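Student: Protein chains in written order, with this note's numbering: chain E, 1 to 126; chain G, 1 to 126; chain D, 1 to 126; chain A, 1 to 126.
Some clues are possibly wrong.
Identical chains blur together in the list; that is why a pair holds if it fits in one copy or across any two.
[What the hints assert, rightly or not] Listed below are the simulated DSS-like cross-link pairs for lysine-lysine, each with C-alpha atoms no more than 25 Å apart in a straight line:
id, residue 1, residue 2
1, LYS113, LYS2
2, LYS88, LYS113
3, LYS81, LYS99
4, LYS107, LYS61
5, LYS77, LYS2
6, LYS99, LYS61
7, LYS61, LYS77
8, LYS88, LYS77
9, LYS58, LYS81
10, LYS107, LYS58
11, LYS77, LYS57
12, LYS77, LYS99
13, LYS61, LYS2
14, LYS2, LYS69
15, LYS113, LYS81
16, LYS42, LYS88
Source of the hints: derived by calculation from the structure; they are not laboratory data.
Computed from a predicted structure; not experimentally measured.
Protein chains: 4
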Amino acid sequence: MKIRVYYEDTDLGGVVYYANYLKFCERARSELFFQNGMLPLKDGCHFVVVHIDASFKKSAKFADILEVKTKILEIRKVFVKLRQTIFKQEDVVFEMDVKLAFICNEKPSPIPKEFLDLFQNFSQEF
Amino acid sequence: MKIRVYYEDTDLGGVVYYANYLKFCERARSELFFQNGMLPLKDGCHFVVVHIDASFKKSAKFADILEVKTKILEIRKVFVKLRQTIFKQEDVVFEMDVKLAFICNEKPSPIPKEFLDLFQNFSQEF
Amino acid sequence: MKIRVYYEDTDLGGVVYYANYLKFCERARSELFFQNGMLPLKDGCHFVVVHIDASFKKSAKFADILEVKTKILEIRKVFVKLRQTIFKQEDVVFEMDVKLAFICNEKPSPIPKEFLDLFQNFSQEF
Amino acid sequence: MKIRVYYEDTDLGGVVYYANYLKFCERARSELFFQNGMLPLKDGCHFVVVHIDASFKKSAKFADILEVKTKILEIRKVFVKLRQTIFKQEDVVFEMDVKLAFICNEKPSPIPKEFLDLFQNFSQEF
Chain E
1 MKIRVYYEDT
11 DLGGVVYYAN
21 YLKFCERARS
31 ELFFQNGMLP
41 LKDGCHFVVV
51 HIDASFKKSA
61 KFADILEVKT
71 KILEIRKVFV
81 KLRQTIFKQE
91 DVVFEMDVKL
101 AFICNEKPSP
111 IPKEFLDLFQ
121 NFSQEF
Chain G
1 MKIRVYYEDT
11 DLGGVVYYAN
21 YLKFCERARS
31 ELFFQNGMLP
41 LKDGCHFVVV
51 HIDASFKKSA
61 KFADILEVKT
71 KILEIRKVFV
81 KLRQTIFKQE
91 DVVFEMDVKL
101 AFICNEKPSP
111 IPKEFLDLFQ
121 NFSQEF
Chain D
1 MKIRVYYEDT
11 DLGGVVYYAN
21 YLKFCERARS
31 ELFFQNGMLP
41 LKDGCHFVVV
51 HIDASFKKSA
61 KFADILEVKT
71 KILEIRKVFV
81 KLRQTIFKQE
91 DVVFEMDVKL
101 AFICNEKPSP
111 IPKEFLDLFQ
121 NFSQEF
Chain A
1 MKIRVYYEDT
11 DLGGVVYYAN
21 YLKFCERARS
31 ELFFQNGMLP
41 LKDGCHFVVV
51 HIDASFKKSA
61 KFADILEVKT
71 KILEIRKVFV
81 KLRQTIFKQE
91 DVVFEMDVKL
101 AFICNEKPSP
111 IPKEFLDLFQ
121 NFSQEF
């Protein structure tokens, strides 16, 4: 998934504001569902991020075109772990491991089967 | 209402990104309700902005302290018009006239009486 | 220019937060430059929005695909006026007239010739 | 440092969008400097986040008042490690360990003495 850096993404340092890399990663996670004709929601239940471990390695600038790659690290009944890496050409700009849980009525809940299947099918990098 | 400009609010131009003044104005509108022990929501219904006319007069920078002043221009059954002005000390940085409607089930709906009363009581600048 | 609505763009009302339509329009303005091999910056000088008049006509939701169309209304030495319309399929979601000035050292300044030429060439909708 | 949750901070899930907790933490880091009459910048050099390890423990909602507490974990010549915890009353909503480096001309650089002193003085929680 390609992402262009716009004015809104930068701060006065002239580079992408640090929290915005998390937005880019969320876009890539959502696109996984969209590209497969799904929404990452079901019956009012949805995924939430419960943990991230992230390294900011280089700066991205206005007008840069970034690429987000996502790899599935672990799939369990109640959570999934992904590694998301943002590249600027060959350089790694940002990398994070993210753990997602599924929530119904504010409580952790088993991930629906169609979503587990989706993750399984993408157990290769996408 | 005082607002501090943080990194997140700026862009690579070193000043506040233009859309963020609208966020600051929304914060001031919400605070009107909070300060009176209310939320700007009722029974799943809420306000939406239907029109704005805005002038960007000066730039605000990182660490600036801004002040948002709000004046009620017109109160009707189904909409309210406000003028919101953002000051940096005595200078006007931004000014907008904003028209708000009230929406239930995605349809325009009469503004609840307690909200009309709230606006009436604040028909002076706040 | 197509824009996908992500989680980050929505608010608790379930629809796009009102200030974010301004972000989408800025992306489209920047893309005009990018698509022509330019940046909307020159020698530390850049465009700033000085006035907008905007109507919010319908709501856009998570996962919607929006399209931003831009039309040049007026080109002068020191400012340019555009009309930017955001569509969801055939429906108009948002429309704004925006006036842009060019700023060097925080002062209004003539728009560089290559940018005036760019606007002239796009005097049709893009 | 107290932070109010506004519309802009929420997403369609009705709670604070996950990346926004990082914004709240950055505000608290900046306020440490502001409260001591400083800016977190010097001669064009500034801090950058190089690593975060963050846990999202509860959801914060519109109108909530959150509190960010910051504790200094480690101070070195070229980096500093902080623990930032966001509370909603007594509940921990979010917690992250963040490592900050200081950057001049895009290169890591020793943290200026006045900033090291500032961190030293705040080696207690603030």
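Student: Work down the list of hints and note, for each, if the structure agrees.
Tutor: So, going through the hints one by one against the coordinates:
Taking the shortest alpha-carbon separations for LYS113 and LYS2, neither the intra-copy value of 28 Å nor the inter-copy value of 32 Å comes in at or below 25 Å. Taking the closest pair of Cα atoms, LYS88 and LYS113 never come within 25 Å of each other, the shortest separation being 35 Å inside a single copy and 31 Å across copies. Taking the shortest alpha-carbon separations for LYS81 and LYS99, both the intra-copy value of 4 Å and the inter-copy value of 23 Å come in at or below 25 Å. For the homomeric pair LYS107 and LYS61, the shortest alpha-carbon distance between copies (15 Å) is at most 25 Å, but the shortest distance inside one copy (39 Å) is not.
In this assembly of identical chains, the alpha carbons of LYS77 and LYS2 never lie at most 25 Å apart, being 30 Å within a copy and 36 Å across copies at closest. In this assembly of identical chains, LYS99 and LYS61 lie within 25 Å of each other by CA distance solely across copies; the values are 21 Å between and 28 Å within a copy. For the identical chains of this complex, LYS61 and LYS77 are neighbours neither inside a copy (39 Å) nor across copies (27 Å), given an alpha-carbon limit of 25 Å. Taking the shortest Cα distances, LYS88 and LYS77 never come within 25 Å of each other, neither inside one copy (34 Å) nor across copies (30 Å).
Taking the closest pair of Cα atoms, LYS58 and LYS81 come within 25 Å of each other both inside a single copy (24 Å) and across two copies (19 Å). Taking the shortest alpha-carbon separations for LYS107 and LYS58, only the inter-copy value of 10 Å comes in at or below 25 Å, while the best intra-copy value is 37 Å. For the identical chains of this complex, LYS77 and LYS57 are inter-copy neighbours only, at 19 Å across copies versus 32 Å inside a copy, given an alpha-carbon limit of 25 Å. With identical chains, the CA atoms of LYS77 and LYS99 are at most 25 Å apart within one copy only, with a shortest distance of 13 Å there and 33 Å across copies.
For a Cα distance limit of 25 Å, the shortest separation of LYS61 from LYS2 qualifies both inside one copy, at 15 Å, and across copies, at 22 Å. In this assembly of identical chains, the alpha carbons of LYS2 and LYS69 lie at most 25 Å apart whether taken from the same copy (9 Å) or from different copies (21 Å). In this assembly of identical chains, LYS113 and LYS81 lie within 25 Å of each other by CA distance solely inside one copy; the values are 16 Å within and 41 Å between copies. In this homomeric assembly, LYS42 and LYS88 come within 25 Å of each other (Cα to Cα) only across copies, at 23 Å, whereas the closest approach inside a single copy is 34 Å.
Violated hints, in rising order: 1, 2, 5, 7 and 8; the structure is consistent with all others.
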